[in-house]
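Trainee: Sequence order for the protein chains is G and L.
Note that the working numbering has the first sequence beginning at 1, numbered continuously upward.
Note that the working numbering has the second sequence beginning at 1, numbered continuously upward.
Hints listed in this document are in silico derivations from the structure and should not be mistaken for laboratory results.
Don't take each hint at face value.
Claimed, not checked - Here are the simulated lysine-lysine pairs, DSS-like style, with alpha carbons at most 30 Å apart:
#1 G:Lys323 <-> L:Lys192
#2 L:Lys240 <-> L:Lys252
#3 L:Lys119 <-> L:Lys169
#4 L:Lys192 <-> G:Lys211
#5 G:Lys323 <-> L:Lys200
#6 L:Lys252 <-> L:Lys200
#7 L:Lys20 <-> G:Lys211
Unchecked claim - What follows is a set of in silico ranges between Cβ atoms, one per label pair, in the way DEER data are often shown:
#8 G:Ile175 <-> L:Phe138: 33 to 43 Å
#9 G:Phe310 <-> L:Ser183: 47 to 57 Å
#10 G:Leu114 <-> L:Asp22: 51 to 61 Å
#11 L:Ser153 <-> G:Ala106: 42 to 52 Å
#12 L:Arg106 <-> G:His240: 15 to 25 Å
#13 G:Thr324 <-> L:Gly64: 39 to 49 Å
#14 L:Gly234 <-> G:Gly125: 53 to 63 Å
#15 L:Gly64 <-> G:Gly293: 32 to 42 Å
#16 L:Arg126 <-> G:Val29: 20 to 30 Å
#17 G:Phe102 <-> L:Asp53: 47 to 57 Å
#18 G:Ala106 <-> L:Arg106: 44 to 54 Å
#19 G:Thr324 <-> L:Asp123: 22 to 32 Å
We put the CB at the ideal spot given by N, CA and C, even for glycine.
Residues per chain are reported as follows:
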Amino acid sequence: MEKFKSIIRDYPFIAFIIAFVILAFVPSVVFTDVYQSHLATLIFVNIVVAAGLNIVKGYCGQVTVGHVGLFAVGSYTAGTLFLYLGLGFWATLPIAIIVTAFFGVAMGIPSFRLEGPYLALATLGGGEAIRLFIENGNFFRSTFGISDIPTPSLMGYNFDSPDRYYFISMTIMIIAVYFSFSILRSGVGRAFMSIREDPICAAAAGINVKKYKILAFILSAMFAGAAGAVYAHMPPGYIHPNNYTVIEMVTFLAMVVLGGLGHIWGGIIGAIVITIVYDLTRPLYKYQLLIFGLTIVLTILFMPKGLGGFIDRYFLEKRFKKKTGTEKTT
Amino acid sequence: MILKTKQLSKSFGGLKAINKVDFEIPKNEIRGIIGPNGSGKSTFFNLVSGIYDSDPGSYIEFDGHDITYTPPHEIAGYGLSRTFQLLRLYQDMTVIDNVMSGYHTRVPYKFFDAVIGRKKIWDQERAIKEEMMELLSFVGLADYAELNASELSGGQRRLLVLARAIAMKPKLLMLDEPAAGLSPVNVDNLMKIIMQLKEKYGLTLIIIEHILKVVMDTCNSVTVFDHGQKIAEGTPAQVKDDNAVIEAYLGKKMDDEEMRKALAV
């Protein structure tokens, strides 16, 4: 067991390969109908977005409310590339990631001068502007949405139904989570955190604040772009501007906040919980937004570090007690 | 000379916070900076570490680099580290992360290696962590490594900030009131640790301090600021008897004639 642990520590991707293998068997073993595969794909898309949002908001502390705009850019890059050039998933995915990264730069530039609620307002405007631009542009088929975006196929095998597309979204999710883990556990993650805590002190400690802020925005934009492309190609392959409103943004925020801002698992736990709850409470759709708003407020009030921080705390106190023999009183 | 300023000035509106200060400090010296509140000591630190831009005509040189208009993170890269009067602790990070973030300028790997997550990265990260744990146990905080920095007591916070500033192995360390708010016993302990660190890493130190005993006992030389100007410089004994210094702290000595005039107005 010890040896296994040290191997995982040196080569973390092995853990992700194991996770991949386990998840690959889930549809055939656990799922009873196609809808559950569809739901799983939605969870994976949300995990990718939330993991990206956790980088910029949880770790770097930049309050961005325009992330759903970047998600839309990813989706619509994929959609328009198919519509006008007939490109398939394997071409649109990398292009969507790159295009969204540029939009991430644009979204990040205000963060040089704005902070907290002011930055939130600026990015909210940015995200809404992107949606309105799509909604009112004939180029993007405005409110008709883009339909019949094809599912990807690999070596003659077409991932054309939800239980097949599951493998695509799952693979992308595993890769994205792996990248977010390696980034956040390295010195880069620490630099992000110091900027969140105190930018002036971070600068005095040798961290290039502007560079790391824009880096956080680019990284999270790339995550959103990948998620957007996966979402666009998801069967039945239909995207509409109404999928990218502020309401979706609130859902993404609720994921990150509930999972734990600045916790490495934060976005992932939150995305799983919120997506499932969202689906189960569909009959109560009138109250869903109320519930998510309340979730954000209550989590920040009573569990500021989210579920992730809550679990961490428990183990930490155990370890501290073992080490020093005293109870901690906080 | 490791740090040299010429005609260093900074004004906020009409107020000249720092007015044409020439300052020099050779390697391995411990320099104390004293002066009444508002005399420009902290502004001087902020100018040297690049947090404020100095006014035109100023010149700052550190270790052979002209750093007059260099942004703070590059100055830190040259080996200048500082602490803040208000600590600026990373409250929501663990103690060990606080110290490791001070290591930033010495992190050996590149960003893309970190993204891919190669084995070499984790080896280096572990080496950094071990080194920083050593530093933490040196200042006596090893047991608290995994706690949040906000859970430490005031004295422990001062030690943590010191450890974080040392983590980059600076050539010059500038301490802004390291002992503020500590009890006399803790002050002695802190100064002992600072002296040990100086020996261990071969530091040059600049210390702003209001506790004159600390300054007089530990510093090789003292600079006195008042109203943004350098009014005296020399060994602690010289400075103690300097008329300008006594005037800045206690007021002017008047003869009878002057006293009568002052009271009549």
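Trainee: Confirm or reject each hint.
Mentor: Results of checking the hints against the structure:
| no. | hint | result |
| --- | --- | --- |
| 1 | G:Lys323 <-> L:Lys192 | 27 Å, holds |
| 2 | L:Lys240 <-> L:Lys252 | 15 Å, holds |
| 3 | L:Lys119 <-> L:Lys169 | 25 Å, holds |
| 4 | L:Lys192 <-> G:Lys211 | 38 Å, violated |
| 5 | G:Lys323 <-> L:Lys200 | 29 Å, holds |
| 6 | L:Lys252 <-> L:Lys200 | 43 Å, violated |
| 7 | L:Lys20 <-> G:Lys211 | 33 Å, violated |
| 8 | G:Ile175 <-> L:Phe138: 33 to 43 Å | 41 Å, holds |
| 9 | G:Phe310 <-> L:Ser183: 47 to 57 Å | 36 Å, violated |
| 10 | G:Leu114 <-> L:Asp22: 51 to 61 Å | 39 Å, violated |
| 11 | L:Ser153 <-> G:Ala106: 42 to 52 Å | 45 Å, holds |
| 12 | L:Arg106 <-> G:His240: 15 to 25 Å | 51 Å, violated |
| 13 | G:Thr324 <-> L:Gly64: 39 to 49 Å | 47 Å, holds |
| 14 | L:Gly234 <-> G:Gly125: 53 to 63 Å | 59 Å, holds |
| 15 | L:Gly64 <-> G:Gly293: 32 to 42 Å | 57 Å, violated |
| 16 | L:Arg126 <-> G:Val29: 20 to 30 Å | 37 Å, violated |
| 17 | G:Phe102 <-> L:Asp53: 47 to 57 Å | 31 Å, violated |
| 18 | G:Ala106 <-> L:Arg106: 44 to 54 Å | 33 Å, violated |
| 19 | G:Thr324 <-> L:Asp123: 22 to 32 Å | 29 Å, holds |
Against the hints set out earlier in the document, violations occur for numbers 4, 6, 7, 9, 10, 12, 15, 16, 17 and 18.
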